[in-house]
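K.L.:
Please take these sequences and the hints and turn them into a complete structure.
These are the residues of each chain, in order.
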Amino acid sequence: MIYEGKKKIWSDYQKEIPDDHYFYVRSCIRQSFFPASEATFLDITRNRLGKDIFETEHHTTCGGIAYHSDTIPQETVMTIVARQFALMKKYGYENYVCSCITSFGLYSEILETWHEFPELQEKIARLLKESCGLEFAKPKYLIHASDLIYKYRNLIAAQAKFKLVNAKTGEPLRVVEHIGCHYSKMFPSKGVGGAEYPYVLTGMIDAWGGEVIDYPERRHCCGFGFRQYFIKGNRSYSLSNTHKKFESMEPYKPDMIITNCPGCPYFLDRWQYVIAESSGKTYGPDGQGIPVFTYEEVAGLVMGYDPWDLGLQTHQVPVEPLLDKLGIPYDPAKKYLGKNGKDLGKPEDTCFCCSGII
Amino acid sequence: MGALCDRLKQDYRLKEGLNACINCGTCTAICPAAEFYRYDPRQIVVTVQNDDDEELERLLRSDVIWYCGECMSCVTRCPRKNAPGLVIMALRSLSIETGLFIESEKGRQQYLLSKDLCSNVLDYGYCVYPRRFDYAGHPEAGKVWQWEEQHLDDVFERLGGNLDGKGPGAMRRIPQEDLDQLKRIFDLTGATARMETVRKAGEKKAEELGMTLEEFEQAVYSKTDQRHLHG
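Protein chains in written order, with the working numbering: chain A, 93 to 450; chain B, 30 to 260.
Hint data in this document are derived by calculation from the structure and do not stem from the laboratory. All C-beta atoms, glycine included, are put in the ideal place defined by N, C-alpha and C.
Partial pick of chain B residues on the chain A-facing surface, computed with a CB cut under 8 Å: (1) Glu45; (2) Glu99; (3) Ser102; (4) Arg121; (5) Leu141; (6) Gly171; (7) Asp207; (8) Ile214; (9) Lys252.
Pairs of lysine-lysine residues, derived as DSS-like cross-links and limited to a Cα-Cα distance of at most 27 Å, are as follows: (10) Lys107/A x Lys110/B; (11) Lys324/A x Lys229/B; (12) Lys144/B x Lys324/A; (13) Lys195/B x Lys182/A; (14) Lys195/B x Lys434/A; (15) Lys172/B x Lys426/A; (16) Lys230/A x Lys44/B; (17) Lys172/B x Lys434/A; (18) Lys172/B x Lys417/A; (19) Lys336/A x Lys172/B; (20) Lys255/A x Lys243/A; (21) Lys44/B x Lys215/A; (22) Lys212/B x Lys182/A; (23) Lys252/B x Lys233/B; (24) Lys324/A x Lys234/B; (25) Lys221/A x Lys212/B; (26) Lys252/B x Lys336/A; (27) Lys373/A x Lys324/A; (28) Lys110/B x Lys232/A; (29) Lys232/A x Lys44/B; (30) Lys232/A x Lys243/A; (31) Lys172/B x Lys438/A; (32) Lys143/A x Lys195/B; (33) Lys212/B x Lys181/A; (34) Lys324/A x Lys172/B; (35) Lys215/A x Lys38/B.
P.N.:
This is how it looks when you write it as structure tokens:
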């Protein structure tokens, strides 16, 4: 009964997602910490599924992190965003897909504000013309990159080499899905499934054979908080919020976490490391952490990409126990090699809380 | 009503974010910041709604408006469709424009945030740039990041990135003509002026406190009064 109710709620928040032809913009954080995830997104959509996803080197940050750290005015960020949209039009596209959740929320907010206050939209169009000589435009469809992978989830499943199941027992893996706050908390109608029961990641997990875990703090923020992380003196805010989530999910024994925001996988991964190093507490089985993934990484694993091509060696929580559970092969000797086998050494002390996993 | 309240009402985020607060406290119940800081968004919205310049000025001088993480969890839950997170953003902008931000420990942090984030945007076209994200300042990034930092070009090459390279790709070098456009946007829309306001206020405060700029930056980055937190 409750499950039926949830299905009805998310069905009220269906979102039209065009099948093809997108102008793609990157994320500052995903590029910095998960460059392979963006590469995987483009490889899957372009090369495995044959979609037209266009990128130009001329796009920039949307300014969202600077804006949400209150360092730039609203009109500044609006004009930067208007420039991004103008580039989309210049290159002949009307569907806009972004890698970043902060960007996605910001674009949604700005489009809404322009709709409510047309005089502000006119002003921004003038500022754009004056500063950049570009023509104002708005996307016909605004899509987050996880929306697209959600849209293609069954096509990905059709090409899957692995499922999110325990290879030894055949049981579905228990998966925590964590949605970035700015995906749909401000504008529930803009996200697949709304804000309370977003289906964007759940749909992927369902399609790829896993079992979604519900837990009390499922919708709690990862704790990024912009200024609350960048300033060292504030960082306990960020850590405390991640800690709250892990304490809440621990009794449900998750095998893995999948996220759609660029920052969340970084924080959920790194703060586990800090909690383990500072207190000895770990949240996975046998003194392990719970591996945290981007949705592109999970799609790549399901499709049979090499884990080290996906960048899983840059996670602080080791992924090997989960790869073993999934039955995904990997070569430990190649984990930290550079291109063409270049020796890059390896990180110091990569064991996780003295677990002995190297 | 007064000059400060009138200025605040000009902010589109206030126009969008505050209709009529019924003081129910749902925003405070859901707020991640209220969980750990001595912070009550309900009370802040009530203060704004009271339309009293003296009360508002106290708020703009205080630490409390800087506790919010702008996650916007409050927006989903408000039964009146208010957005306390947007109200906070409008308050912070006014606190910066009036120079009052520099009077609180948390507000003062804008000095470093402005310096670091705006220079990332203007110099590279990104809010975050990995060569400026150092392990020494971010030990929580772990030993894996320390290793990546030591081999950044090789790691990016291995993972399909394009660090400082030409053409598209992750962390590509954004062409100068595009950075020039960002600079013109900053100049035309008030970001450059805001950066200057924050910089000058920070330098003046450092002088008042008898600190060199380096000492001031270190204190702003690292120090925090435990009284910000719940006991």
